[in-house]
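Q: So the sequence lines, in the order shown, correspond to chains V and F.
Under this note's numbering, the residue at position 10 of the first sequence is numbered 10, and the numbers go up by one with no gaps.
Plus 1000 on top of the position in the second sequence (first one is 1) and you've got this note's numbering.
Keep in mind that the hints were calculated from the coordinates and are not lab data.
In this text, a Cβ means the ideal position worked out from N, Cα and C, and glycines have one as well.
It cannot be assumed that every hint is accurate.
[As the list claims (entries may be wrong)] Using C-beta positions, here's what the derived DEER-type ranges look like:
1) Asp49/V / Asn1343/F: 24 to 32 angstroms
2) Gly1265/F / Leu69/V: 17 to 25 angstroms
3) Leu1161/F / Gln70/V: 31 to 39 angstroms
4) Pro1197/F / Ile81/V: 25 to 33 angstroms
5) Gln18/V / Asn1343/F: 19 to 27 angstroms
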Amino acid sequence: MPVKVIIPTPLRPYAGKQESVELEATTVGEALTGLTTRFGELKKHLFADDGRLRSFVNVYVNDEDIRYLQKDQTSVREGDIISIVPSIAGGSRI
Amino acid sequence: MVTKPNISAAPPATNPAATLTKEEIQRYSRHLIMPEVGMDGQLKLKQAKVLCIGTGGLGAPLGLYLAAAGVGRIGLVDFDTVDATNLQRQILFSTTDVGRPKIAAAADRLRGLNPDIQIDTYETRLTSDNALDLFKDYDIIVDGTDNFPTRYLVNDACILLGKQNVYGSIFRFEGQITVFGAPGGPCYRCLYPEPPPPGLVPSCAEGGVLGVLPGIVGSIQAAETLKLIIGKAESLVGRLLLFDALAMRFRELKLRKNPECPVCGTHPTVTKLIDYVQFCGIRGEEAPAPQTNIPEITPRDLKTRLDRGDDLFILDVREPHEFQICNLGGHLIPLGDLSRRVNELDSSREIVAHCRSGKRSAEAIEFLRGAGFRKIWNLKGGILAWSDEVDPSIPKY
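Excised from the complex, chain F in its bound form (with noise of 0.2 angstroms):
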C-alpha cells in the first residue's frame, strides 16, 4: 500500500496568527532554526500581546527587539515629545524627530522595522484611572518608567489583573532587572513595601544616566519577555539581577514573594487602585517639594542687584564636574560638603545660593538657615533659568 507522503507544511490556515507565511518564515529564519523557539515559539510570539509603558531609553531596545522578534502586538505608552538630551540614549529616535511626540516616532520606527505587526498608541500618562483598562487586553506589562508612582501604579495594575510584569530600572550605571507578577511569584511591593520620600534619591534627570545602560537593561528586559512568550527557559522570577556598568559586573539576589504583602499577599489590603502620586508622597509632577520657607531671587532681580554693584556672594552647591559645564562665576560647595565647608561661608554677607533647578540650593538654604544663616536667598529656577531669563549663552543641561 503507497501512502501519499504529507507535504503539506502547516493545516489550512483559519486564523492567520496560527501560522506563518513564507515571508514570516524567511525574516524569522533565525528563531526557527532553533529548538527552543522553533515553529511553535514563532507563532505564540505571533500571538502574544505586550504593552510597554514608557518609550525612553529602557523602552526604546525593548519595542525595537520585541518587533524585530515578530512579537504580533505591541502597545505603546507614553506622552512626552522627544527632546535633544533624549538621544544620548534613546536609540528609537533620530535627530530629525526631536520635537515630535515620542510615540508617534517610535511607531514610525518599529513599523518601518517590522510592517507585519500591529502597534498600538496611547499618548497619555498612565493614571489608576486608565491603567486597568489598557492592561486588560495584553499578556505582559513592561514597565520602563522612571518614576515611583508609576512604578507602583503598574505593579498594583498587573497584580490586580494577574499579568506578568517585566521590571527594569536604571540609575547612573547601575540596573535592577526582574519578573513581578508571576502565578506564586514575588511583586515589586514584596521587594520595595513603600517608596523613598521626595527628595532623598535624585531623579535620572538629577543624577544622569550612562547612555548604553538602558539599551542593557532594556534589552535584558527584552529577553525576559521574549523567554516569557516562549515558555521554555528559566526567568527571572524570584531573583533581582543587579548590574553594575562601571564594574561590569552581573550579581544575583533572591527575591522573596511576602505572604505579608498589602497586594499580593494571603490578606491584601490594596484591592483597587490608589492615589498613587499621594501614597509616593508627590504633590506636584517632577516638580520640586514646595520650600514655602525659602526665600527666592528671581533672576533677572538678581542681575538688576549684581549690575547695580551690590555686594552679593553667589554660592553654587552643585559638583565640580556641572560646574565645568557652565558657572556663574559662584563659590563651589556641593550640597554633600556643605556642613563639612559651612565655615567657608561668612554669614553677615548675603548669600545667593543656586544649583540647576533650584532644589538643591533650597536644600542648602534649608541647612544654612538653620545654622543660623539669615541673609540667605535661593536663586529661583537654578542656572537653568539664568539662561532662559537672563544670559542665553548658558547652556542648559
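Just chain V, with the same shape it has in the complex (with noise of 0.2 angstroms):
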C-alpha cells in the first residue's frame, strides 16, 4: 500500500534533497527498509548497527510514537502518513 514518509531537514541531504518518499508498506519496518535500500546513505543515520532505530530518532505513524504502537510492526494503511523526527538542538551557542 502506498505510503508516504517525511524526511526531515536534517536526513534530506541523504535522501536525494526530497522532502517526502511515497513506498509500498505494509508496516513501518516495511517502509524504513524500502527507504533504505533506495538511499543507501539514510542507513546509518536512521539504524544503529544492531539494527535498532537510533534513540534520538523517533517515527511516528500519523500523530502517533511507534514506540506506543507495535514499532517496525505497527501495521500502516494507504493514506497513513510516516514521520522521521530526529531530535536537533538550534538555538543559542552557550
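Taking the hints as your guide, dock the two standalone chains into a single complex.
A: Given below as C-alpha cells:
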C-alpha cells in the first residue's frame, strides 16, 4: 500500500534532497527498509549497528509514536503518513 | 438604608506585586480588557519568575515578549558576546552591540522596553554545578540553547526541581516546540532518551538557519510561557509541535510520558545532575572530535607549497552554495557526493582537502583513506583559517 514518509530537514541530504518519499509498505519496518534500500546513506543515520532504530530518531505513524504502537511491526494503511523526527538542538550558543 | 458604593479599585496594597499601578494598568490595557488575561492574569504575570537559557535567536523574541507582557522577574543566562553573524536573526541586538556581552545588551534592551520589571543577568555558562542553584528561584525555565549537552542538562535540572521547561529547537527552516516537565507530563528524555553521537547532526553554525525561524519558534515559546503563567489555556504539554517554514506548515505529534524514563519515570536512575558533555560524547566544547590519524597541513604550509609550484590537487568538500560565497579554486565534490564521485580523484596525486572549518574535510579524508588514498592532507582550520592566516580577502561565513 502506498504510504508517504516525511523526511526531516537534517536527513534530506541523504535522501536525494526530497521532502517526502512514497513507498509501498504494509508495516513501518517495511517502509523504513524500503527507504534505506533506495537511499543507502540514510541507513547509518536511522539505525544503529545492531539494526535498532537510533534513540535520537523517533518515528510516527500519523501523530502516534511507534514506540507506543507495535514499533516497526506497526501496520500502515494507504494514505498513512510516516514521519521521521530526529532531535535537533539549534538555538543560541551557550 | 443607603450603602456607599464601593469605588476602590483594589484593596490597599501591602505587597506592590499584588496590585497594578495606574501606569501599569495603562501599559497592560490590551491584556486587561481580555477576559482570558484580565487583572488576575496580569497580576500572575507580574508575580512570575522566568529564566531564559540563552539570549540568541530563540531568546530574543522570547525575552522581548516576556518583558513587554509584564513578567515581573526575568533571568537571562548567557556567556557569549554579540557578533556580526548574530544580527541576521537575534533581534535583541543592534549593530552597535557587536562585541558587547549578550547579557548586557539584552538587559539594556529589555529594561528600555519595560523599566517596571526586574531583569537578572547571569553571565555564565550553564553547568551541572550551577544549574540547580540558578533554576531554584524561578517558576518556569525556557530553553533556547543550541547544543545537546545543555538540552539534557536543562531537562534533568527541571525534572529534579519540578519546574516546567518550555522547549524550542530549530534547524535551518524547521522548528520543534513543546512543554516538558509539567506534572504528569513527559520530559525531553521521554522524547529522546539519548543524544545523537557527535558529528551525525550538523550544528546551526554548519547548517545555517532562516533568520525569521527562531523569531517564530521563540515567539511560540513566549506564548506557551505566558499561558502557563496565566493558567487558563491548553498548553503544548503532551504535544510536539513541528513547524516547517519552507512549506509554511505546522504539524502536531503526540508526546507520551515514558514510564521507563531514567529521569521522570517510575524508577528514575538519574537522581542528580551528571556530566552532560560526557553523556553526549563530546570532549571539547564545539570543537570537532579529535581526529588523531588525519594528516594535516596548515594554511601557511599549503601556501608555501603552492607558491613553489608543487603539484597539489585541492579538493573542496563543501556544498555548491558555499563555494559561491568564497573558494580556493579547488575541485568541488560535496562530502555527501564523495562516495559516488570518488572516481574523479587521482590517488597518485597529492590531494589537500578542505571545507569551511576542517571538520567535514576530515571526514572526507577518513573516507578516502579507507578507499586507498594515501597522499592526502586536511587543510587545518579550513577556509576560515586560510582567511585568517594567508588571504584576508577571503570572506568568512
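Q: All hints, please: hold or fail.
A: Here is what the structure says about each hint:
1. Asp49/V / Asn1343/F: 24 to 32 angstroms: holds, 28 angstroms
2. Gly1265/F / Leu69/V: 17 to 25 angstroms: holds, 20 angstroms
3. Leu1161/F / Gln70/V: 31 to 39 angstroms: Because 36 angstroms falls inside the window, the suggested range holds.
4. Pro1197/F / Ile81/V: 25 to 33 angstroms: Check passed, 28 angstroms falls within 25 to 33 angstroms.
5. Gln18/V / Asn1343/F: 19 to 27 angstroms: holds, 25 angstroms
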